[in-house]
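Peer 1: Now that you have both chains on their own, put them together as the hints suggest.
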Amino acid sequence: MTDVLNIVEAPLSWIILLPAAGALLNGLFRLKPMLNGLLATTLCFSAFILSILQFLKFPEASKLVDPGYLWFQAGHVKAQMGFELTPFMSVMLLIITGVGTLIHLYATSYMSHDKSQARFFSYLNLFVTSMLVLALSSDLIGVFLGWEGVGVCSYLLIGFWFEEDKNARAGMKAFITNRVGDLGFLVALFVAFAYFGTSSVSGIMEWIADPGRAAALPVWVLTVFALAIFWAACGKSAQIPLYIWLPDAMAGPTPVSALIHAATMVTSGILVIVRLWPIFATQTEVLTVIFWVALSTALLAALMALTQRDLKKVLAYSTVSQLGFMFAALGAGAPTAAFFHVVTHACFKALLFLTAGSVIHGMHDEKDIFKMGGLRKKMPWSHLAYLVGCVAIAGFPFTSGFFSKDLILTKVFESRGVLGYGLLLLAAMLTSFYMFRSYFLTFSSTARSHEAEHAHESSAMMIVPLMLLSLLSLLVGWLEIPHMWGHLQYFSHWVESSGAKAVEGHEVEAATEWILMGIATVASLASAFFAYVKYKKGPVTSSENFAWKLSFNKFYVDEIYDSFILKPFRKIGTSLSVWIDEYGVNGTLHGSFASYRITGQLASIFHTGSVQSYALLMLLGLLIVWGVVNVW
Amino acid sequence: MIAAGQLIFSVAIFLFCFGALTFFTKRSAVVALMGIELMLNGVNLVLVQAGQIYKNAEGTSLVLFVTLVAAAEAALALSIFVILYRKYGTLTLENFRSLKG
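Protein chains in written order, with the numbering used here: chain S, 1 to 632; chain Y, 633 to 733.
So here's chain Y without its partners, still in its complex pose (with noise of 0.2 Å):
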């Protein structure tokens, strides 16, 4: 029988783990994107975790402040995928590398 807390850090190493491999496999930049949410989530639940185990509020709060700058993230590249379809006629990741050196 695994303990709770041993329970929540590997859900959350789960989360993480396969956040980050939508985000390297998936070639469409909306699934890329909740990739990067999956992987903030699971990073979440270990700040939460952590702060029940250690007796104080300290990676509690921080998760709020991790939740505001997601959705401002999610709510800034929403709309640069909306430019990006207007401008391109699609997302798929390859097809942006401008940056190549």
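Chain S on its own, in the form it takes in the complex (with noise of 0.2 Å):
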């Protein structure tokens, strides 16, 4: 925190309100095609416009608040309905609205020849308001409100086309990945009432910041606390070993991969770890089990990219293999690497993913590398697009990929080693490997399929997107230069000022750093121009080796995953169907019903629907009466 605590009051709430007017309004009414569209874009841009004027109080302010109201109170149990703005989340804010504006502005385009654009735009502008709910809450009820909302509108998102069986179960299996990471976020939440008496994050970090009321603790309760959020961020953020859900996030419409899948929601996990930093920096131990867990994240999801066909597959694994850099870097102890990473991640990743939909858009739904090729000449202003994000994400001189992941593997080495280091080096080569390689197969050579002859470029609308978010993937990483350059480092302000200090570790000296720095480089321009050597002429008939087969299937993840832990299930509940359903509950009703029929078949016996055998009936039962009257 800050030494002198500057905490103005703003109204945050409206940021919020505005995508949830637009999820309304398309939600209720039914407007006209496009003017849907461009109503969720205005919105998000108002939303856009209000968080630039709150960015913009922050040389003053040290922190925004929205009071906000009580939302509910059981025992000491209280549930703020507050919002609250640190530096380092007014850029996330900029983010998840400006990038959601440029999305909003091409999915206008994009989803143009949709039946239900109505319900599409209306998700879209629920997402916004769940991730900027997630991203303001001062309460941890608040932000697990928003985890638990961008993840229905992940759901909702991925089986929008639900139509198709497939797209319907990756929206479910998506679901069904986060609720086992959500597990770990209500056992934080737990831990947080019963041994802090408090879950506003404020709070929490005043506990953490007393060194006698935190001495109070027992030992564990730190470690499970940052262990539970950490297990919730590995699911909302695709690690090892909840990971499976985001490549078949990838049925869902591009411009969802692009906000949801790459640029803003999986990222929540980062974010929410750099918010509870406090807590993360004295558990050197978790430190350690995040840094390992990411590294084979990032070095498994390079791999499987190698060799898939699918052109938003690469993507996919991609942004896998990234989240895995960024907890990598929060691994090593240095929030603000992994936070620069996010944003420079954001950028790129979703200009390719935007460059993907337009290349699948103007090749009429085909989405097999193996079948493009020779787009350059067709789609100019994609290839360009797309370029730049190669040119980002593998790190080349200058962009903003070069910076993050140059100061990431920095930290890296300066806190876990040569070894470490070496092996995320390796995860970065195949970064920049496989990104040429789809790029290669998509964009030179000839056109390999009918559709990629005749391949036509995409519409304004766009592409406009498209080049402004060039334009960032360019130059965003100028915000934060390696120190020996000079003094221009935004976002270690803006992360420290926001209370997230990095780990102390040993510097290394600047001529290190250059030798690293040029390590990287040389690496990945290497690796991109042994891609060119490879695929400049199309796809190469790969021999059919053992470790090409494991890279394609993916190393069998999701078989082996099915085996021991969805069979089990799936025979335990085929039991209790039968044993409990069966037999339990069916058999009590059937038992129960027979029984009021077989009475009901007895009574009927007297039933014989003539007069006189009534009458003589009620004669017997006189005379009965009489004789228990009058005998007993």
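Only true hints are included.
Going by beta-carbon spacing under 10 Å, a handful of chain S positions derived as facing chain Y:
id	residue
1	His607
2	Thr608
3	Gly609
4	Ser610
5	Gln612
6	Ala615
7	Leu616
8	Leu619
Beyond 10 Å from chain Y on every Cβ pair, some chain S residues (computed):
id	residue
9	Met34
10	Ser46
11	Gly68
12	Lys115
13	Gly149
14	Ala215
15	Val289
16	Asp310
17	Pro380
18	Trp478
19	Gly486
20	Gly518
21	Asp581
22	Gly627
For the record, the hints were derived by calculation from the structure and aren't laboratory data. No experiment lies behind these values; they were computed from the predicted model shown. The C-beta atom is built at its ideal place from N, Cα and C for all residues, glycine as well.
Peer 2: Here's what the structure looks like:
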């Protein structure tokens, strides 16, 4: 925290209410096609303007607060629906609303032929709303609300074209995998209630900052809290072992993949960890766990991306791998590097996805890069945008990916030594290789299918966001340049003034830093060149050896999960349904109605329909009553 | 020699039993109705005699009500018989079994 807290009240809830209004309007009223997209874009843009206004308050203020209202109270559990904004979150706010606006604009054109546009834009605005709640809430319960909200929107949008069984299944897979992760968030909430007595972020931070109170806690509390939050982050941000949903999430429309599954939602795990950084900073063992999990994710996903043929799948595995980089930075104790990469990745990965969407649109929904080729001439703008995206993600000098990835690699070298650095560098090389593989297969050489021959460039409404994102991808990196280049470290300032100070480690000397930078640059350039040599003439008929099969089939992780987790559950489910449902519940029901039927059948013997027999029975009854009353 | 009171009670019981027997055994609806009327008269006789014994008018006045209801009942039943006969062409009780469960 900064030394002098300068807390300013600000109307933060308005930023959230604007897209919420868009979600309602589009959800309730049937607007004309295009109009609904433009409405959603306008509201998202207004939220962006408001975010800029709040952002500009920051040199004077250190924290913006909107007290909100008391949502509910149960015992000593208090949930305040309030909002607060720290400097680093305000940057994230700009990304969510700014990149969000560009993607809304793009989607307006992309979805213009879809029959349920209103539903789409309603979901998309609802997503922005939930993401803002997640980012802005001052209380962990509010954060959890947003956390679940983005999960629901992700589910709705992945399964947007639910007529196809495959898409609906992908949505369910994403939702259920995320639920497994959400368990961690709940555990963290329970720990917060039980031991901190509060769930507000600032309340927890005060608790941690007070050495007396922190020492009074059992040793394991903070460890469990941190691990639980990390588990939740694994679910949302697609880390081992819960990353499996993200590649399948590509079943959704491409703007959704760009906004939710690349730029914003998947980074929310990192955002929450950076917000709660003072807790993580004290837990070195947890940071070690985070680092190695992240490193394995980055490597494994990069290996899987090497052989994929679906353009969006390549980008999806690349996203998992890049998220691994961000977590590796957290594991190395450098929240600045992680957040810096969140922002640069949001720019270039949104760009890559939107360009992929443009290519797929031009190819009439053909996603196989082996069937593309030669699109450079036919789609010059998309080609330019994709090239910029590839250059940025591969970390060519002076692009945004260069700065952020270099910072991560340096921090990892400082705190985790040569082994961690070497493995992460390998992942970076693979990144450069598979990205340029997809680039050359898509754009160079000649057309390899009928669709590729007749591909057409997309409309201006789709190209303009691509160009803006290209500019961002090239330039954002200059906001945080290496120390030896000068004093221009905005991201360090933003993150550290929000209370997330890096874990103290030994700083490497400038000479070492130059060498590391040189190694990384040469590595990425060399991998790109290798991809050029291998794929400039089109796809290589792969010798289907063991390693290739392993990568192409994603290391059989889905199959392993299926046979070791899903199958036993299915077995338990089946036997429960047979024993409890069939024999227990159904048996009781069938038994009870059978007993009623038998009683009825017995009684209906006396219902002969003849008046005289009824009268006889009445007489008999009277006699019995008389007998009972008088004889007994 | 039987006392007059006892004789009247015996006649009443005879009337009731005879009426009940008629109602249970006869196949024609009209005769069954006559059986019901007989039972009613038996009861009326008991009421009147009981009033004589206890020296008050309650029993006797109740008979007036019973007679009234019996008249209404006879009118209703006879008109139902007319309708039944028009519709089914018979008044034999075995033919009317639509209440069978």
